[in-house]
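Protein chains in written order, with our numbering: chain A, 1 to 337; chain B, 1 to 337; chain C, 1 to 337; chain D, 1 to 337.
These aren't lab readings, by the way, just hints derived from the structure by calculation.
Note that the structure is predicted; figures quoted are calculated from it, not measured.
The reader is advised that the hints may include incorrect statements.
It does not matter which identical chain is used: a pair holds within one copy or between any two.
As the list claims (entries may be wrong) - Here are the simulated DSS-like cross-link-like pairs (lysine-lysine), alpha carbons at most 25 Å apart as the crow flies:
(1) K7 x K303
(2) K70 x K7
(3) K6 x K63
(4) K63 x K303
(5) K303 x K24
Protein chains: 4
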Amino acid sequence: MVIILKKNAPQKQISTLVRRLEGKNLTVHCSQGVNSTLLGLVGDTSSIDIDLLRADDAVEDVKRISEPYKLANRRFHPRDSIIPIGGHSVGEGFFHVFAGPCSVESAEQLSTIAESVKQSGATFLRGGAFKPRTSPYSFQGLEEDGIALLLEAKRRTGLPIVTEIMSDSQLGAFADVDILQVGARNMQNFRLLKALGQTDKPILLKRGLSNTIEEFLMSAEYIMAGGNEKVILCERGIRTFEPSIRNNLDISAIPLLKRLSHLPVIVDPSHAAGISWMVRPLSKAAIAAGADGLMVEVHNDPKHALCDGAQSLNPEEFDALMQDIRRRIAFEGKQVA
Amino acid sequence: MVIILKKNAPQKQISTLVRRLEGKNLTVHCSQGVNSTLLGLVGDTSSIDIDLLRADDAVEDVKRISEPYKLANRRFHPRDSIIPIGGHSVGEGFFHVFAGPCSVESAEQLSTIAESVKQSGATFLRGGAFKPRTSPYSFQGLEEDGIALLLEAKRRTGLPIVTEIMSDSQLGAFADVDILQVGARNMQNFRLLKALGQTDKPILLKRGLSNTIEEFLMSAEYIMAGGNEKVILCERGIRTFEPSIRNNLDISAIPLLKRLSHLPVIVDPSHAAGISWMVRPLSKAAIAAGADGLMVEVHNDPKHALCDGAQSLNPEEFDALMQDIRRRIAFEGKQVA
Amino acid sequence: MVIILKKNAPQKQISTLVRRLEGKNLTVHCSQGVNSTLLGLVGDTSSIDIDLLRADDAVEDVKRISEPYKLANRRFHPRDSIIPIGGHSVGEGFFHVFAGPCSVESAEQLSTIAESVKQSGATFLRGGAFKPRTSPYSFQGLEEDGIALLLEAKRRTGLPIVTEIMSDSQLGAFADVDILQVGARNMQNFRLLKALGQTDKPILLKRGLSNTIEEFLMSAEYIMAGGNEKVILCERGIRTFEPSIRNNLDISAIPLLKRLSHLPVIVDPSHAAGISWMVRPLSKAAIAAGADGLMVEVHNDPKHALCDGAQSLNPEEFDALMQDIRRRIAFEGKQVA
Amino acid sequence: MVIILKKNAPQKQISTLVRRLEGKNLTVHCSQGVNSTLLGLVGDTSSIDIDLLRADDAVEDVKRISEPYKLANRRFHPRDSIIPIGGHSVGEGFFHVFAGPCSVESAEQLSTIAESVKQSGATFLRGGAFKPRTSPYSFQGLEEDGIALLLEAKRRTGLPIVTEIMSDSQLGAFADVDILQVGARNMQNFRLLKALGQTDKPILLKRGLSNTIEEFLMSAEYIMAGGNEKVILCERGIRTFEPSIRNNLDISAIPLLKRLSHLPVIVDPSHAAGISWMVRPLSKAAIAAGADGLMVEVHNDPKHALCDGAQSLNPEEFDALMQDIRRRIAFEGKQVA
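So here's chain A without its partners, still in its complex pose (with noise of 0.2 Å):
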């Protein structure tokens, strides 16, 4: 952490700084130039806090050195996180794609969707029980019958399943879910991730639709500090000024998330876009930058769904996406399991 002082801060105003710095077990270095004085801090500075920093008379600005997060750091932790998951392995070398529709509607809708991902090479059934509609008015999803729907489609087709948590207060009804995904929406509601640090359940974090790098990395540390290291990156597209698509695939962020983390980083072509034409040239930009997984919507009739239908693929589109998909991860010598 680097400190900039104020042109004409009084010697005694630093002194004071510097001594309530060393008082935190920094080492303080002290550059005094023509035009400003920088005092560089050593030692472990995740517990200064910037704002508090800023507002002394004698600062003129902070600037950070050091990434904030620690144990989602890949500069701690070189070696790449592999997460086992009902047999599976998720993480680098590895691809997986978590398939299924956008609610679960019915126990039909669910199997018939569930039955024909599987066969076309999904390994992990997605399904939204309690969905976040930005509507009151929109269907708000089957609720607790749905993760059980979820649940017995797992039964049957032996695919771990992926769904949706939306409040610290709901945790007892996903205690037999394989993954737990925040959405995108809450991925700065900070109580969530604190209850979800105290389990021991995977959990598929989805990165905010305007927030940086570094905000998604301090959401999955909050999980992490809390005991929980197992977290899913999931990019699904942020906010850019392009009205003619719902979100955009931030492509970056996968080489920029493997370089600063050691997590797996999967991505949702579906949401991403918002459109089902534009699933497939998604789905091969990520595999090509890198990602360990997609996260795609089926549904069985797409025009009946009840929400999302305009982006999910129908059980044939998704079968030649897969078939696609298959060469593309052999290609880049991943394997699948």
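Go by the hints and put chains B, C and D onto chain A.
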């Protein structure tokens, strides 16, 4: 709502679609053109799912014409909502300043600040007990003890209190709080919004950092749809590309929200910039643009504040600001009460 | 400037880098820490290319501490610049309204509007002769004829004129124009900026739709570096995610620009929202935030305007706005002259 | 185009509006509803100014249905455009790498790099002679001398050259250049676009940092409307909130542009991130997403480059990248020619 049909959509598909829409008590007007055919829907389209329509094989695109929110919509409630809280009226024609520390830190700190802001003319006391911090390693607030201290400060000063709730699982702890605040990062925490809709507490709803005006009003709608119409909207800065400030006050949000909705609109100039010297020019602009109040962070010792010190005013600065604010409120012909 | 070195950078590489920097008359202070080593550079770093430094094998990152602009920087020119134009003073302490049609359409249209805005209190006449339109099929302006009409209107009313120049190849046609405007889309048309730096005309420089404050001031610096210091900065709205308005007035830009630079700052509320009813609240906010003037579109018949009719006021609306503006200017203690 | 009328618009105003529209050879379909009345316009609406319509007293809003670009529109030109340049074919089915230094610095530098990139498989030589730099104090390029060096390198290697033009006043100096590049900051320099439309040179048009796909295609339309249809589109990264990279490759732009337009689409991974290690993953993603080529910065000595060294590859890194690219091009079934 207008549906634009695909150029070569077969007549049979169109007929099926039209029958489906008429089955929802909508009247469908068709304009057949050279390049495209339009269906204009007349009736209550609030339950129509646009995504579902877009997935129809015959449909090229769908454009919404009326707003998807009803209870928050000025079109259906032309008169301004005035919310009575603790003997005060909040809404158009009145002006209130909500002041206090970012975080409640101690009994002494809070009572000093509370008495000071009251004397300067603030009508509500704000203070954080549960703090949503980006880092799990930052100070997270005094939690339940913080609420107890706020209630004590209220008893002493008579100022009604506003403090942030982060999850539906916390409602019990907020039973005696006057106004429950929903933070920017929780603007689309729909479980929380639904739970707040079941209470009869006034809710101060902060806009998310990258949310549109429509999404903001849809979140207000979530609370109102549950039966609680006492919602105060708070603009607190959006994310832009400017790196020299933390957020960026969206001044246009004030006239837009006032035109589209009947709800009170206040502004938080402290978070909107994140730097104390900008609180004053932003406060002046907010008053001139028509805000119904301001929420200002005040700390007795900003440089030792446990959070957000850089954006807090000290009591003397706040007092000077209040003198300027009073002149401006009088100039605008508004009332403090 | 602070250079953060890579953790394991070999001492030899570091020495080479330090010698290279010292060769540029910089003093280099080194802070060796546990996790990272910092080099603090003291001296004139304006000629240092940050990108070049970042490419050095030993360098992890580089942080700039002082602003890269000099002539536009208040640090080196603490007093406000007041620019004399046609008998008026533009800058801090004064307030001017630049009014007129988006496009010059005919002699009659322009003289009607010019006389009307003069009577209402505008001190400068604006009008587009060369129009930068997104579509090649839209009206592109009367070009040279438009300038002739502006000059005629100036002769009649005495109002100095401001009109937009789009390329360095057009300079000849603007010889008699009082203020040359650079449009938002040309803010980084560096050939144009350089050419304008060679003239002695006042330049009204509009901020680009997604440019930072630093980039904006660097474009002013381009003009000033050529010898022309008469630059008026104009905030005209930035691009945000809000779809209901065309652009979004960045109110924070006013206090930021006033603090960082000594140049006059005006606001264009007409383009900032793109809707006529928002011109008034945005004008009020801009005055309160400290703007030195406003640029307002006025058209005698907005619904038949050849461009931007939706954001133009008619003469009666403008007259009413001017009455309000005058009250507010007096309240702020500013002078119209 | 659909016009939504105001709820209580008087019938007389509506009739006047309808007559005005019919006077432009449009057929007007009216759907009268309970809450709103719609007018659907059938015919050629490209000359209709939406802003003008919005200013009409009877009009609430206007929604465009078809794209405002024609010559660049795939709807009217279903077959991919293949542009022949210097014996090569640029467009769908082919793949080209444009490589070379950010800036031309000397005869020796350029010839070294040119020969090296040719040997590695690049088919076009890029290099900046006139450089658009944010700071007036940064290196501005060798200007005319730079073009002379590029032409010399072309004679030696046979590689056709592409270099950036910054103003319509410079056209003379570019007479022998094979492809004229328009930089991101000049994407809406309409005088330049018009002038380029009068030439018969292939134009490489870079997308602006915050421009939409429609604005990008409208800029291509400007060139094409002048008679020059040889436009190559180049995605080079957009501005997002991520501070750790300079720009952010918009991967969705590739499938979107290919669907909406028939023009070739290439990607500049060097500028898209601004860091050399990201060139490779972004190149891989761009190929998988369907790009027709890449533009890559190569410098013999990146850390002494006069600009953008941080994002340049050295010749060995470029050679390794080209080997990977060739495998991928073959995998996608494309041809280098």
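Flag every earlier hint the structure violates by its number, smallest first. none
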